[in-house]
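Asker: Chains as they are written, first to last, in this note's numbering: chain A, 1 to 160; chain B, 1001 to 1174; chain C, 2001 to 2126; chain D, 3001 to 3372.
Mixed in with the good hints there might be a few duds.
What the hints assert, rightly or not - Derived coverage of chain C by chain D (criterion: at least 3 residues anywhere in the stretch with Cβ under 8 Å from a Cβ of chain D; other residues may be distant): (1) 2004 to 2012; (2) 2041 to 2049.
Stated by the list, open to error - What the simulated footprint calls covered on chain B by chain D, stretch by stretch (three residues with Cβ under 8 Å from a Cβ of chain D suffice, anywhere in the stretch; the number is not a length): (3) 1037 to 1049; (4) 1080 to 1087; (5) 1110 to 1116.
Read the hints as simulated data drawn from the structure, not as lab findings. Note that the structure is predicted; figures quoted are calculated from it, not measured. Don't be surprised by glycine CBs; every beta carbon is placed ideally from N, CA and C.
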Amino acid sequence: MSFDDFREELRKVVDPAAIRASDHGIKGYSLEVTARSDQVGRIARAARDTDLFLEAISGVDFTDCFQVVYFFNGFGAGSRVQVRVKVNKGESLPTISTVYDAALWHEREVFDLFGIAFDNHPNLRRLLLPEDADFHPLRKDFGKVHAVRSTDEIYGDPTA
Amino acid sequence: MAEKKLTYAPLVHVAALEHMLNLFRANSLWPMTFGLACCAIEMMAAGASRFDLDRFGAGVFRPSPRQSDLMIVAGTISKKMAPTIVTLWEQMPAPKWCVAMGNCAISGGPFEYDGQYAIVPGADLIVPVDVYIPGCPPRPEGLIQGLLLLQDMITKGEKRNVFRRFQRRAEKGR
Amino acid sequence: MPEEALQDLLYVAVFLVAAVVFAVGPLIASWLIGGRSAGAKREETYESGMPTIGSAWVQFSVAYYIFALIFLAFDVDVLYLFPVALAYDKGFVIRDFVEVVMFIGILSLAIVYAWRKGVFNWQRRS
Amino acid sequence: MATQLPEPIIEQTYYLNMGPQHPSTHGVLRLFLKLDGEYIIEADPIIGYGHRGHEKMAESHLYEQFLPNASRMDYLSGLIFNHGYVAAIEKMAGIEVPPRAEYIRVICAELNRISSHLLWFGTYIMDLGGFTPFLYAFDDREIILDILDRVTGSRLTYSYCRVGGVAKDVDDEFIAATRGFIQRLRSRWEDYHNLVTKNVIFIHRTKGVGVINREIALRFGCSGPVLRAAGVVYDIRRVEPYSVYPDLQFEIPTGTAGDAFDRYMVRLQEIEQSLRIIEQALERLPEGPIRGRAPRNVRPPRGDSYFAVEAARGALGFYIVSDGTRYPYRLKVRAPSFGNLQVLTEMLPGTLVADTISILGSIDIVVPEIDR
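Pulled out of the complex, with its shape left as it was, chain A reads as follows (with noise of 0.2 Å):
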């Protein structure tokens, strides 16, 4: 079945302490997978060689750092893998819109909320906002926000 082969495939990328079983039932994705920077590149090649899709990217906004979670799936069930990168404020990640072509939007997303560069992503401009706006919206410092929390607040612990 697709989704063991991309288990395998992901042992080769990213050292196994990185990969943890979830129950799909409660949290919905069934592989939750804390990665560098620098693997994303590989995991996406990898997930798209076992006949996965990329259905989310999505970023979140912490005191200490941004998180950039990747959402995977397959066509069986209990498939999806959540990926969570870690991302210092005013670093950038890799782009993977060479293996899926869902990235070019979902990453021009990312960067037109939260201001997190993808280098050498073909055309990284704002996808939502007009073209002239200078703020990134979906920062916690921008706008009316309840509260900032950073990852430890909501984790409990701290991610690689």
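Put chains B, C and D on the given structure of chain A with help from the hints.
Answerer: Same frame as chain A, now just chains B, C and D:
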């Protein structure tokens, strides 16, 4: 409030002629197909089989502003869309009217809060609006009542609108 | 100028004047009694509310022109059918019918010719 | 001296804005096309004209305050969005929903799916030039809106599903009206097929147009009828079953070629399947309460969770990061039309401008859901 309609009065101004023209303009309003969001679906429902705007002469939805004399701003006006709305309004020939349909077009509606960065809270900030139709989305009957009100405004009085199909119940008794 | 010629000329003149009035009249009327809208974008070409980019004076493929030609042929053809419709079945039904069929048949040869030449299927130009 | 010939004018391309105000872009989508005569060389869908900042709003509003926003993102299948958002919170906070409420939610969600497909059917055929089916489809759709209006109070933007159940119970008249609607739509189904499916112009405009095969759908993350028309049996109601879908029998219609005609056929068969679901759900509708012991103010535990629901347009996902308070820390909505629209950048180059309307209509997008 955007500057008033910015349309020049006609050169020849004869009251009877003006009234006759207004009578025809009121009963054949050509709205521009211009749906922004949810209210556009109710506008389509109003134009469809059950509520049928054609009964009031307003069913001819023209795609281009050059051929329409009524702009129904139906939906949320995002800041990226605002200059386009002004362009479309200016490209419409006189005489032209504007109806703000739905809470978003009246005052930003459910999306207006002090941290809002993406919408223009109200169509009257960018175009002069004649009739406001509240509702989120307003029911097709609401849109029809708004259009009837606009027709009365154009003919300056319900009694003068001889083609009016629906008399208010109070008048009918007299 | 003999009497009748003058009278015929009079008909032509009246017809001409009526045509001009019919054409130019509404323009002047709407200019006089209709108001005029103002605004910066009023003169710009309408393109779904967006400013146009580049000019539209570009070289188009010839297929457009041939399409227009074929339409024109049939548009004029309709023009000739109006008098036929007036004078139809005044006694010679079969003859009128055959003549109209021949008339339209010959004209539709233009379409057959264009079809064979492949005007109607848009060639792919990559 | 031979006169100097003017140097030949090279074939020029020009740019066209099939812009925000266009009758067949179904909302404020702007297609920036680079054209060579009738051919599209490059297509760049520019979105953002319907951006309202839903996700930013979620971060400063309570979970319950964000309820009305959920159904205003995709107002055609607003009830499914509403159901998805509420179910995501319930799963995260572990709130039990009584079975009667689950069945009512499924009935209303499927009715909403049919009304969304009927609206798509009407507008798609109107884009291709036929006006009558639009009136047929809206006539039937109005009956669904009456049924839903009776119990939810609104026609388009629902806040009917609440955390822990639904707001109002359904009565016998709702059940009778729904059964009447099922009879009526089934009897008129022949008309829909005769009016459109066998129409030769429609077949020419859609057969073999905009072929999206499995590989393209995989690369762009398409879902819903667009993906199922490519032959992939992927429906969240079956793959990640939620609510009471596991104990209802229905098939997942799929196409073979993945062209606009297959997407059309898949959606029509989906309407028939939804009718079957509603019938079964009506028979098995249990008695009982419609709201469980939902806490006064919802406070999901810390951490994050992803919950997917099958909206009319595809796989709708809610990714909620909660910090244990009553306000979501981050709410990402995975819009199904996002991936479906992006396919245009690959499908349009090389086609005719007229095919753009056919492909865009067959993909069935809703713009404020893409722009959020």
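Asker: Going through the numbered hints above, which ones does this structure break? Give me the numbers in ascending order.
Answerer: The structure breaks only hint 1.
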